[in-house]
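Participant: Sequence:
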Amino acid sequence: MKAWLRGFYYSLPIQLLFLHFRRYQVLLVFWFMLFSIVDGVFMKSFGANSLYLAPEYLGNVTAISFAIVGIAIGMFIMSWHVTTFILFSRHFKFLATTTNPFLRYCINNSVIPLIFLIFYFFEAWHFDHFKELIPTTDIIFLCGGFICGLLFILAISFIYFFGADRSILRRMLPIINNPKEYITHLQPPTVNVNQEHFLKVEWYLETPLRVKKTRDVSHYTQQFIDILFKRHHFAAVIAVFTAFLLLMIIGFFLEHKFFQIPAAASITIFFAVLIGVSGAFSYFLQSWSVPYLVGLIVVLNIFYKVEWIDPRNKAYGLNYSNKNERPVYSRENLVELCSHVDEDKQNMICILENWKKNQNEEKPLMVMINTSGGGNRSAAFTMNALQKLDSATHGELMKKTCLITGASGGMLSAAYFRELYLQKQKGNNINLRDRKYVDAISGDLLNPMFSSFVARDLIAPAQKFKVGPYTYVKDRGYAFEMKLSENTGGLLNKHLRDYKRDEYSANIPLIFFNSVVSRDGKKMIISTQPIRFMMQGRQDTTHMPEMDPDAIDFTSFFSKQDPYNLSILTALRMNATFPIVLPNVWLPSQPIIDVMDAGLRDNYGQETALRFLENFDDWIKENTRGVLIIQLRDREAGGWENPYYSDNMSDHITKPFFLLQHNWYKMMEYFQNDMLSYYTKNLQYNFYKVTLQYVADKEETKAALNFHLTQSEKTNIAFALNSEYNKKSLQQIQQYFIAAPLSR
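Remember, this note's numbering sits 2 above the position in the sequence shown when you count from 1.
Careful: at least some of the hints might be erroneous.
Taking lysine to aspartate or glutamate pairs in the EDC-like style, the calculated list, with each CA pair at most 20 Å apart, reads [stated by the list, open to error]: (1) K426 / D500; (2) K623 / E355; (3) K390 / E638.
Hint data in this document are derived by calculation from the structure and do not stem from the laboratory.
Whole structure, please, built from the sequences with the hints as guidance.
Facilitator: Okay, structure coming up:
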């Protein structure tokens with residue numbers, strides 16, 4: 003038994019496992035990330051685990067999509083073998099004298115890959131069965147696809163390396179067959195005693211099921227062994243370079259659906275390239291690797307400053323070429339811009355009058371819809387809620403709605419529902435309550451974004467496209483818009499100017515597309531109408547200091563940048579620029595500013611709605627029977643959801659840094675509740691607010707906040723509208739819609 007334990011401990015698989023944790027631990031980071039992603043720990047809020055456990059190809063989860071992920075995992079495993087072989091083979095000189103030394107190394111270096119594959123299959127079964135509601139029989143076929151893809155790439159790889167071994171053998175035969183030259187490689191080598199004691203290997207796996215004792219190679223010179231290994235190293239680097247070229251090809255042809263591989267595959271191939279690059283650096287640059295990286299970063303930064311390279315995302319439709327006419331982003335300019343608001347107010351009153359003419363009562367109820375951010379979770383809930391509201395109000399919802407505000411996913415649904423309503427008004431055969439529209443707006447957006455980020459943003463050469471006369475670079479922002487357009491049947495593929503007449507005539511509700519200027523937190527408000535009155539709150543400068551503008555009217559500020567040519571898809575993306583997942587959008591001002599998700603400032607849309615109302619209090623008092631705000635939320639009101647608590651020592655260290663981030667939306671809710679309380683205190687007209695909210699039946703079944711939903715999450719979201727709270731809210735809304743005076 004003691005001999006067996008000794009042999010096990012000094013076997014190559016075990017010694018390699020120890021070596022990975024003793025040297026170049028940075029390479030284990032990639033394995034840690036894969037384990038964490040599949041387990042749902044790393045990037046949980048982005049839903050990254052669904053990309054691996056339910057990969058989509060051509061819009062469906064199939065054996066083919068799993069096979070592609072299997073190929074990618076296989077490439078990653080081979081890259082892992084290649085890189086560690088380059089770095090560690092010098093510690094196992096006996097491999098140089100075996101047939102197919104790289105194959106022998108891979109067999110013995112497969113402990114971590116095998117553990118990962120077993121873990122992956124377990125997680126995939128659990129996720130697909132309980133989250134995607136896929137039958138067990140189908141899951142077996144899906145896993146079979148994964149295995150086929152994995153075995154395919156492993157077979158291709160080993161065929162390549164067998165060929166490399168034969169090529170190396172042919173080159174070494176002249177040395178081996180020439181006694182005079184061969185004898186020079188049998189001189190006693192110079193042995194590094196410390197290195198010999200660093201690792202000791204007595205046994206290795208010749209095949210997965212056959213153990214063999216290591217061979218003494220002390221009679222070979224170091225030069226001879228190095229020649230053998232370096233030839234294998236070069237063959238390995240060529241293999242990794244091939245993976246890099248594959249990723250470039252995918253990025254270049256990403257427009258074609260055939261090349262839109264699952265995001266999990268793109269991410270994994272990228273990891274494979276990163277591991278391979280580290281191996282190549284060690285092979286070619288050796289001790290110069292770090293200075294080279296520092297120099298590369300300095301050079302890229304110089305190129306960025308002189309604008310030879312520009313990775314920044316732009317707002318599609320805006321004019322970025324007239325640099326001399328860019329507006330100045332300064333206090334003075336914004337104050338000047340919002341000092342002339344009477345004309346804009348008068349224009350809005352005309353719109354309100356048109357809205358009133360379209361109603362069936364002398365003093366109609368003014369409805370405003372606030373919808374919260376929350377990715378596809380909020381998009382699915384908002385569309386379900388709007389369909390339910392349309393049914394409860396007998397088709398009167400959009401007709402009575404004057405303004406829609408909000409953030410992120412909720413606004414995607416609101417804009418889509420409004421467009422469907424417009425198409426129905428134009429005579430198209432559209433059933434606003436059709437379930438297919440929920441499926442469309444909640445369709446996957448995460449896969450194309452991640453695929454584009456890896457294959458196009460980071461790897462492939464810049465590709466360009468045009469919107470009118472203006473040229474832009476394709477990136478993950480572009481991929482997001484194209485996928486959203488595809489999911490919604492191209493209905494949102496419009497420009498801001500296309501809605502101007504219908505909004506002015508009140509054929510459809512107004513929509514304010516908000517975003518937040520990252521420079522100072524000001525709100526960027528995009529509307530088809532001039533709305534400079536929205537740039538600052540109402541104030542009495544005779545009794546208090548003058549307040550600076552805290553918002554910008556997009557079309558007025560960028561009046562010389564063709565603002566009405568802005569793509570609606572871009573306006574929605576600016577409104578839903580989830581950090582990291584989507585790139586910030588930079589705008590052509592002096593100095594340059596960039597904007598991101600509206601949820602950072604007004605996740606529920608209420609702040610914007612109240613400012614609009616306070617500007618038209620007198621008109622509302624004289625012309626309506628009150629205002630009803632319908633708030634659609636993707637989380638429970640009150641701030642009790644997902645409390646931030648500390649249950650280990652590390653939490654006490656990190657809590658001060660993440661406290662604000664964790665409670666940001668809760669504090670926003672408290673603040674907006676105060677705003678609402680102050681606003682309604684002295685109102686002279688009826689004011690009502692009703693909330694519909696998504697609350698999961700169980701905490702563990704709550705949908706994740708990202709741009710991908712599982713089948714069980716979609717079902718859970720739709721079912722949430724049947725809660726007692728939401729049923730009561732719908733009844734209240736029905737009562738408020740009745741054309742009769744309502745007492746406060």
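Participant: Each hint should be assessed against the structure and marked as holding or not.
Facilitator: How the hints compare with the structure:
1. Pair hint K426 plus D500 holds up; C-alpha atoms about 16 Å apart against a cutoff of 20 Å.
2. As the CA atoms of K623 and E355 are separated by approximately 13 Å, the hinted pair is consistent with the 20 Å bound.
3. Proposed proximity of K390 and E638 is supported: the alpha carbons are some 19 Å apart, at most 20 Å.
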